[in-house]
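Student: Chain order of the listed sequences is H and X. Residues in the first sequence are numbered consecutively from 25, following this note's numbering. Residues in the second sequence are numbered consecutively from 29, following this note's numbering.
Check each hint, because a few of them may be wrong.
[Said to hold, decoys possible] Label-pair restraints from in silico Cβ distances:
(1) X:Thr317 to H:Ala40: 50 to 56 Å
(2) H:Asp85 to X:Glu240: 28 to 34 Å
(3) H:Gln148 to X:Arg154: 54 to 60 Å
(4) H:Ser191 to X:Asp96: 44 to 50 Å
(5) H:Gly388 to X:Thr317: 34 to 40 Å
(6) H:Ser389 to X:Leu304: 37 to 43 Å
(7) H:Leu227 to X:Glu240: 53 to 59 Å
(8) H:Ser389 to X:Asn459: 45 to 51 Å
(9) H:Thr473 to X:Asn459: 29 to 35 Å
(10) X:Ile131 to H:Asn133: 37 to 43 Å
Because the hints were derived from the structure by calculation, they are not lab data. Here a beta-carbon is modelled for each residue, glycine too, at the ideal position from N, C-alpha and C.
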Amino acid sequence: MTRKLELPDLAAKLIAGARDNEQVEICVSRNRSTTVKAYSGQVESVRSGLSEAAGIRVIVDGRQGFASAGSLDYQVLNQLLDEARENLNFAEPDPYQGIAAPDGVVPPNLDLSDPTILQITEDQRSTVAIELEQRCLNADPRVKSVRSAAWSDGWGEFALVSTSGISVYSEGGSCSVGVQPLAVDGDETQIGYAGDAARRTDLLDLDRVVSEAVEGATGMLGATKPESKQLTVVFEPSVTAAFLGTIAGALTGDRVIKGRSPFADRLGEKIASPQLELFDDPTNIESLGADNHDGEGLATRKNNLIDAGVLSNFLHNSYTARRAGAQSTGSAVRGPRSTPGVGIHALCMTPGAGDRNDLFAQIGSGVFVRGVNGLHSGVNPVSGDFSVGAYGQHIKDGALGAPFREATIASTLQKMLLDVVAIGGDFEFLPSGSGVASMAIADVALSGT
Amino acid sequence: MSMNVNSPLVDREIIQDALLTAMSNGGEWAEVFVEDRQSGAAEYDENRVETMVSSRDLGAGIRVTVGDATGFAHTSDISTSGLKEAAQAAAAAARGGAKITPIALRGSGTAESKVQILPESVPKARKVELLQKTDAAAREHDSAITQVTVRYSEGRRKVLVANTDGVFEADDQIRTLLSVNCVASGDQGLQTGRETVGYTVGFELFDDHDVEAMAQRAARRAITKLAARPAPSGQLPVVIERGGGGVLFHEACGHGLEADLVNKGASVFSDRIGELVAAPSVTLVDDGTMGVEWGTVAIDDEGCPTQRNTLIEDGVLTDYMWDHLRSRSAGRPTSGNGRRQSYQHLPMVRMTNTYVTNGDVEPQDIIADTQNGIYVAQLGGGQVNTATGDFVFGMTEAYLIENGEITAPLREGNLIGNGPDVLQNIEVVGNDFAMGSPGTCGKDGQGVPVGDGQPTLRVAALTIGGTAS
Chain H
25 MTRKLELPDL AAKLIAGARD NEQVEICVSR NRSTTVKAYS GQVESVRSGL
75 SEAAGIRVIV DGRQGFASAG SLDYQVLNQL LDEARENLNF AEPDPYQGIA
125 APDGVVPPNL DLSDPTILQI TEDQRSTVAI ELEQRCLNAD PRVKSVRSAA
175 WSDGWGEFAL VSTSGISVYS EGGSCSVGVQ PLAVDGDETQ IGYAGDAARR
225 TDLLDLDRVV SEAVEGATGM LGATKPESKQ LTVVFEPSVT AAFLGTIAGA
275 LTGDRVIKGR SPFADRLGEK IASPQLELFD DPTNIESLGA DNHDGEGLAT
325 RKNNLIDAGV LSNFLHNSYT ARRAGAQSTG SAVRGPRSTP GVGIHALCMT
375 PGAGDRNDLF AQIGSGVFVR GVNGLHSGVN PVSGDFSVGA YGQHIKDGAL
425 GAPFREATIA STLQKMLLDV VAIGGDFEFL PSGSGVASMA IADVALSGT
Chain X
29 MSMNVNSPLV DREIIQDALL TAMSNGGEWA EVFVEDRQSG AAEYDENRVE
79 TMVSSRDLGA GIRVTVGDAT GFAHTSDIST SGLKEAAQAA AAAARGGAKI
129 TPIALRGSGT AESKVQILPE SVPKARKVEL LQKTDAAARE HDSAITQVTV
179 RYSEGRRKVL VANTDGVFEA DDQIRTLLSV NCVASGDQGL QTGRETVGYT
229 VGFELFDDHD VEAMAQRAAR RAITKLAARP APSGQLPVVI ERGGGGVLFH
279 EACGHGLEAD LVNKGASVFS DRIGELVAAP SVTLVDDGTM GVEWGTVAID
329 DEGCPTQRNT LIEDGVLTDY MWDHLRSRSA GRPTSGNGRR QSYQHLPMVR
379 MTNTYVTNGD VEPQDIIADT QNGIYVAQLG GGQVNTATGD FVFGMTEAYL
429 IENGEITAPL REGNLIGNGP DVLQNIEVVG NDFAMGSPGT CGKDGQGVPV
479 GDGQPTLRVA ALTIGGTAS
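Same shape as in the complex, but just chain H:
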């Protein structure tokens, strides 16, 4: 078999075919991944594969065309270039359309590739998956089975080359685990979930994954439907991340310039409690969302979004920045299969002080929300309406109490930001890359009976 071209060479070879009047951007990637799942003490499945992808953007006179494929075959890529050219004929001219131009910002030069990931063996994978299942079963007699115990690891390469002189290449790997124990008590079954991800195997915290997953299942046994009332909710860090992620989405350039954000004309205004500091920081290597470049090949940078409750910035890629008369914030997000969007890489908040129990003591009474459902169906980031299914535990006399389920919590995104009454000190980086802590929000409607 002939040796395949290295990604940057492949992209450079294609870009050489760009015509004088064209802006062309070529994005290619190659990922190898393996997932092993265990069940009943045995390997249930081993899934592995190599995924390749290429996306080509061509812009002529403000018209953009795009084509992509799950292949790195040179012939296929040449066809893509022609398809992108054909597609642009149907787009209407937009004077702001264009690929990113180098802006002189120096990338953080993070070393994100730890080659130990490449040395993981089949035995290591299956041993951890089987061990995860067994440890959940051992942790509590009420855990009767585990729906899924999985190990994954992968290594990816990415290259982006454009006619504006941008040429970036990155590679790196990560590994992750996830487990879903089932706790049973009489007729009742509860399912828990926990996972972890890291750039090195020894950074995975299996103890914590097992205890969180088991606690998530057993802690919900006996849960009942709560009474409907207005109260203070405390979000667990993963719920905080989901909530703040929705907020950050409404602070992205495309939503703002198209009038689809409730915060579109609020720059410089107080939109949140003064306790809230929100920023996106892909230059922090502790986050799995860390990266040297954004999806258009510009250097990543730290961007403040909310400073002491004041809306300080919107996120932009090069297109939304041109339209808004601003500079790109290095916030282009994309894979090779899509045109660049705008989004967060590593959303982060400034934590408060103390541990989670201090937060409960400070709140006195309310509910601790361990998980939410239906973020995609009950949250409208344009109107700001927020309504999601929620489960967790009551907070009574400043301490955690009985579990509840089959309830919803509702307010609006705008109001919730202003109603943040306390932020916990239990800061953590989640596998998603977000750095978050527990957060208390007052005056939320809990709907149950």
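With chain H fixed as given, assemble chain X onto it according to the hints.
Tutor: Below, chain X alone, put in the same frame as chain H:
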């Protein structure tokens, strides 16, 4: 008009060799799944075509099973050597079992699509005209409509499935879809309205469906909501308009009837066959053969012809849904519900078109009989915890019912209920069955196209996730 009957995506002999390689370390059963997917999409936003995109994916996934263990490898290289390499990788993961010589592959390995107008044969300029027409209709509906996004997409997915049982089947799946999203601006902020039409058909979709009327419905939704009040908080009777809420059953019990979840005790419906699990007026069906609905496919992604499966009959649980792996270990036939997002994924038990059949009550009588409650005209997505049966679903168009009449529009929110409770609490089922909007069902990170439907019906009580006391 019909299409040429093509040769198989990969030759029979090459597939046979790949199956042999897959079984070379032993194994009980092996499968090769080949997929060639081409799609195109265009988005019309801010009065212009923003981008037109096209994409292509070609690859294969090879699976070997021994007992309950599966080895699987995927590749984007479907040459003889590429398939061989993937087959070796899959084989390495599943050792033991007797070596077998693959049986001769039956079937032609080819398929003929029934669509009338291949979307790829339609000039792109016509697709642009369609977008412009839809956009204009939404904007002309009301000056309060400030933003309109129209999306067109077409997809063609050719699959070939072969296994050591001798299966050698193909399908040519073509889907076409148009959606419109409107933003309306009022004194109290922004509201949105959405409408989607999509079927397992070609471009003839637009001969049968009036996109301008659809755009006006989306615009009307957004405008109506400008005057919406916060939804109530707490439990109330809920009437769901025909076609608006099949997702309720998809979440309330559909997922819980998937054999992979049932077998692992991760479903509240485990071990309940033959029991009365719903009100006697409820008959629930999953049907992959249903006309040109969004979830319709001739064969599932394991090469098994789809069929009409009755899951609940007059309230009694009659069967679960099955794929190859789960039906084999249960010693029964598969129900044609083994589906996967792409060649890179392992198949699992998935729904196709899931619906509740007609009852005998006039829909207007259902509303008139409701003293106070909620009328849901359009549901958004949903999500379920199959272990507890608790599920949520969003209401994107809803109204109060006061004294038997539909009154004030409500702001968006989620409803929450418990599947087994809700099924028992279906008080009345209408006689006006309709299918709903096309959907994408997500499970363990894989999305597949599904349909759902139901006649107008009333649930005695659901928890409304609003803010008004």
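Student: Now tell me, hint by hint, if it's right for this structure.
Tutor: Consistency of the hints with the structure:
{"no.": "1", "hint": "X:Thr317 to H:Ala40: 50 to 56 Å", "in the structure": "51 Å, holds"}
{"no.": "2", "hint": "H:Asp85 to X:Glu240: 28 to 34 Å", "in the structure": "31 Å, holds"}
{"no.": "3", "hint": "H:Gln148 to X:Arg154: 54 to 60 Å", "in the structure": "55 Å, holds"}
{"no.": "4", "hint": "H:Ser191 to X:Asp96: 44 to 50 Å", "in the structure": "48 Å, holds"}
{"no.": "5", "hint": "H:Gly388 to X:Thr317: 34 to 40 Å", "in the structure": "58 Å, violated"}
{"no.": "6", "hint": "H:Ser389 to X:Leu304: 37 to 43 Å", "in the structure": "41 Å, holds"}
{"no.": "7", "hint": "H:Leu227 to X:Glu240: 53 to 59 Å", "in the structure": "56 Å, holds"}
{"no.": "8", "hint": "H:Ser389 to X:Asn459: 45 to 51 Å", "in the structure": "49 Å, holds"}
{"no.": "9", "hint": "H:Thr473 to X:Asn459: 29 to 35 Å", "in the structure": "32 Å, holds"}
{"no.": "10", "hint": "X:Ile131 to H:Asn133: 37 to 43 Å", "in the structure": "58 Å, violated"}
Of the numbered hints stated above, those contradicted by the structure are hints 5, 10, listed in ascending order.
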